[in-house]
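> Those protein sequences? They're chains A and B, same order as listed. The working numbering applies: residue 490 is where the first sequence begins, and numbers increase by one. The working numbering applies: residue 20 is where the second sequence begins, and numbers increase by one.
Check before you lean on any hint, since a few could be wrong.
[Stated by the list, open to error] Pairs of lysine-lysine, BS3-like flavour, derived with a Cα cap of 27 Å:
| id | chain 1 | residue 1 | chain 2 | residue 2 |
| --- | --- | --- | --- | --- |
| 1 | B | K148 | A | K672 |
| 2 | B | K148 | A | K674 |
| 3 | A | K674 | A | K753 |
| 4 | B | K96 | A | K547 |
| 5 | B | K96 | A | K742 |
| 6 | B | K148 | B | K105 |
| 7 | A | K561 | A | K518 |
| 8 | A | K742 | A | K753 |
| 9 | A | K561 | A | K547 |
| 10 | B | K105 | B | K116 |
[To be verified] Reference excerpt, derived from the structure (chain A facing chain B, CB under 7 Å, subset only):
| id | residue |
| --- | --- |
| 11 | N596 |
| 12 | K597 |
| 13 | A677 |
| 14 | I678 |
Rather than coming from a laboratory, the hints here were simulated on the basis of the structure. Don't be surprised by glycine CBs; every beta carbon is placed ideally from N, CA and C.
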Amino acid sequence: MIPYNFDYYAPATVAEAAALFQRLDAEGKQPLYYSGGTEIITIGRINRIYTEAVIDLKRIPDCRQAAVQSGKLVLGSALTLSELYDSRVFPLLGETGAGVADRTSRNKITFGGNICSKFIYREAVLPLLLTDSEVRIAGPGGARQTPIAEAFDGQLRLGRGEFVVQTVTDESYARMPYVTIKKRKVAAIDYPLVTVAALRTSEGIRIAFSGVCAFPFRSQAVERMLNRRELPLRDRIDQSIALFPAPVISDIKGSAAYRELVLKLVMEQTMRALGGE
Amino acid sequence: MAGTDRYTIVLELNVNGEMRRAAARPADLLLDVLRDSFGLTGAKPGCLNGDCGACTVLVDGWPMKSCLMLAVEAEGKAVTTVEGLKNTAVQREFVDKFAFQCGYCTPGFVMNVYGLAHLRPDADEHTVKDWLQSNICRCTGYEEIRDAVVSVLQRRASSAADAAVAEDATNAADGAVDSPMRKGSAANGSDT
Ligand SMILES: Cc1cc2nc3c(=O)[nH]c(=O)nc-3n(C[C@H](O)[C@H](O)[C@H](O)COP(=O)(O)OP(=O)(O)OC[C@H]3O[C@@H](n4cnc5c(N)ncnc54)[C@H](O)[C@@H]3O)c2cc1C
Ligand code: FES
Ligand code: FES
Numbered sequence: 490m491i492p493y494n495f496d497y498y499a500p501a502t503v504a505e506a507a508a509l510f511q512r513l514d515a516e517g518k519q520p521l522y523y524s525g526g527t528e529i530i531t532i533g534r535i536n537r538i539y540t541e542a543v544i545d546l547k548r549i550p551d552c553r554q555a556a557v558q559s560g561k562l563v564l565g566s567a568l569t570l571s572e573l574y575d576s577r578v579f580p581l582l583g584e585t586g587a588g589v590a591d592r593t594s595r596n597k598i599t600f601g602g603n604i605c606s607k608f609i610y611r612e613a614v615l616p617l618l619l620t621d622s623e624v625r626i627a628g629p630g631g632a633r634q635t636p637i638a639e640a641f642d643g644q645l646r647l648g649r650g651e652f653v654v655q656t657v658t659d660e661s662y663a664r665m666p667y668v669t670i671k672k673r674k675v676a677a678i679d680y681p682l683v684t685v686a687a688l689r690t691s692e693g694i695r696i697a698f699s700g701v702c703a704f705p706f707r708s709q710a711v712e713r714m715l716n717r718r719e720l721p722l723r724d725r726i727d728q729s730i731a732l733f734p735a736p737v738i739s740d741i742k743g744s745a746a747y748r749e750l751v752l753k754l755v756m757e758q759t760m761r762a763l764g765g766e
Numbered sequence: 020m021a022g023t024d025r026y027t028i029v030l031e032l033n034v035n036g037e038m039r040r041a042a043a044r045p046a047d048l049l050l051d052v053l054r055d056s057f058g059l060t061g062a063k064p065g066c067l068n069g070d071c072g073a074c075t076v077l078v079d080g081w082p083m084k085s086c087l088m089l090a091v092e093a094e095g096k097a098v099t100t101v102e103g104l105k106n107t108a109v110q111r112e113f114v115d116k117f118a119f120q121c122g123y124c125t126p127g128f129v130m131n132v133y134g135l136a137h138l139r140p141d142a143d144e145h146t147v148k149d150w151l152q153s154n155i156c157r158c159t160g161y162e163e164i165r166d167a168v169v170s171v172l173q174r175r176a177s178s179a180a181d182a183a184v185a186e187d188a189t190n191a192a193d194g195a196v197d198s199p200m201r202k203g204s205a206a207n208g209s210d211t
């Protein structure tokens with residue numbers, strides 16, 4: 490049971506949602522956008538998040554869209570991770586998302602909810618980072634479309650009242666070779682010890698990480714090092730880890746040293762699978 | 020809870036093919052409304068955190084953890100609980116294969132397997148494992164549960180199973196699948 494009350498709104502349009510947020514915010518209701526709602530419910534139950542109004546985005550057709558428009562794959566933020574996996578429209582995204590939670594939970598967890606999660610993993614963002622996708626964001630101030638590299642620095646930078654409506658990805662990326670590997674501590678279902686997603690483009694291998702540092706990331710410096718084929722693969726991997734933007738984390742799932750060991754093995758497997766040795 | 024009256028709404032939910040009304044808070048979980056307002060105690064509270072699957076029901080034919088859903092979100096959708104299944108092939112196979120011990124996890128497993136058998140009758144080993152990993156059995160009866168699932172899927176694949184499933188159609192509440200990407204691909208009236 491959620492130990493406090495809130496009102497529930499299900500707007501039908503993007504503009505209505507943004508206007509609702511603005512009004513409820515002005516009334517001091519601390520509104521939250523609500524997509525799958527699984528995080529709001531589970532952390533709300535233990536009083537780690539509070540709101541007096543939730544704004545459900547699932548009835549907004551734009552947030553449920555899945556379409557190809559002029560060579561661009563447009564995906565609504567309220568699509569569930571199961572829908573993305575089943576559709577096969579963007580296999581790298583579908584499969585990376587399929588590593589999150591379990592199948593039944595993924596029938597509810599949404600793409601937008603995962604990338605805007607307060608947890609540190611946000612694994613569904615990795616394919617967006619690898620494919621230089623853009624994010625369509627709307628809010629009381631109007632709508633904008635921003636490259637993911639600008640909008641996301643460990644977490645999505647949203648202004649007050651802004652929410653993710655859709656992501657836009659060049660369709661050609663959906664056909665490139667990819668690898669996505671998730672290693673957990675023990676169980677088949679868990680947050681990651683290490684998640685690596687990678688893509689091979691004509692310029693080289695791109696790689697992004699979750700569970701390794703305190704936020705998901707893709708780093709140009711790491712990729713430059715990994716693509717220096719004149720060096721032995723293991724040396725490239727060792728040196729690229731030194732270029733990570735933050736320390737490797739140590740927690741109940743694994744010490745930093747253990748995580749780094751697993752990471753190196755996964756990176757080697759990934760590079761070999763994509764012909765990057 | 021202070022000021023709850025001001026938040027009370029009347030919910031109208033389609034549960035097991037019947038329209039039911041309940042006075043509830045928008046913050047109430049589907050699990051709690053099913054159990055406390057409708058007396059449908061088949062869906063079980065376990066972890067209340069999305070981890071165990073004991074609370075699984077079907078929403079428009081899809082397995083859903085009712086502890087991860089607000090009751091208000093289910094308005095306009097078809098909710099099926101284990102009470103809505105009457106002597107279906109899945110239930111019979113669970114009995115035949117001794118696929119439960121204490122039984123606490125059973126309704127959740129049955130609903131998930133029922134959803135799987137209808138949405139993915141041709142499920143391969145990977146898909147079966149992927150879906151079934153959503154539920155935990157504290158008594159660890161996994162082998163027997165797996166045997167029951169394999170048997171259900173085999174029955175569905177055979178023509179004899181079609182008759183059994185047609186019989187289920189009259190016994191189970193059904194719902195259309197509402198997915199923008201898989202319209203019409205799953206639960207359809209003829210075999211649900
Ligand atoms: C059983 C279980 C296992 C899990 N395992 C994993 C895992 O292995 N890996 C992993 O990465 N995560 C995991 N998670 C976390 C889950 O992916 C996140 O909590 C995710 O946020 C849930 O998505 P949702 O759609 O339900 O989000 P919601 O609860 O709707 O929202 C989450 C947050 O994002 C905000 N938000 C939602 N949509 C938008 C939007 N469109 N624009 C702006 N803000 C928005 C909300 O206001 C809220 O703060 C797990 C969760 C559960 C319940
Ligand atoms: S009670 Fe819902 S998943 Fe455990
Ligand atoms: S039979 Fe006891 S929990 Fe599964």
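> Would the hint linking A:K674 and A:K753 be met if the CA-CA limit is 27 Å?
holds (16 Å)
> Keeping to a limit of 27 Å between CA atoms, is the pair of A:K561 and A:K547 held or broken?
Holds. A:K561 to A:K547 sits at ~22 Å (cutoff 27 Å).
> Please verify whether B:K96 and A:K742 have alpha carbons no more than 27 Å apart.
Answer violated: B:K96 to A:K742 is near 39 Å, above 27 Å.
> Does the nearest C-beta of chain B fall within a distance shorter than 7 Å of the C-beta of A:A677?
With a closest approach of 5 Å, the A:A677 hint holds.
> Under the criterion that the straight-line Cα-Cα distance not exceed 27 Å, is the pair A:K561, A:K518 satisfied?
Status violated; Cα separation ~37 Å.
> Does B:K116 lie within 27 Å of B:K105 when you go C-alpha to C-alpha?
With a Cα-Cα distance of about 18 Å, the restraint between B:K105 and B:K116 holds, given a limit of 27 Å.
> Going straight from one Cα to the other, do B:K148 and A:K672 come out at no more than 27 Å?
holds (17 Å)
> Measure nothing beyond the straight line between the CA atoms of B:K148 and A:K674; if it is 27 Å or shorter, mark the hint as holding.
holds (19 Å)
> Would the hint on A:N596 be counted as holding, given a Cβ-Cβ threshold of 7 Å to chain B?
holds (5 Å)
> Is the hint on A:K597 kept, meaning its closest Cβ partner in chain B is under 7 Å away?
At about 5 Å, which falls below the 7 Å cut-off, the nearest Cβ of chain B leaves the hint on A:K597 intact, so it holds.
> A closest beta-carbon separation below 7 Å is what the hint needs, so does A:I678 meet it against chain B?
Nearest chain B Cβ about 6 Å off; hint holds.
> Does the alpha-carbon distance linking A:K742 and A:K753 stay inside the 27 Å limit?
Holds - the C-alpha atoms of A:K753 and A:K742 are around 17 Å apart, at most 27 Å.
When each numbered hint is compared with the structure, violations occur for hints 5 and 7.
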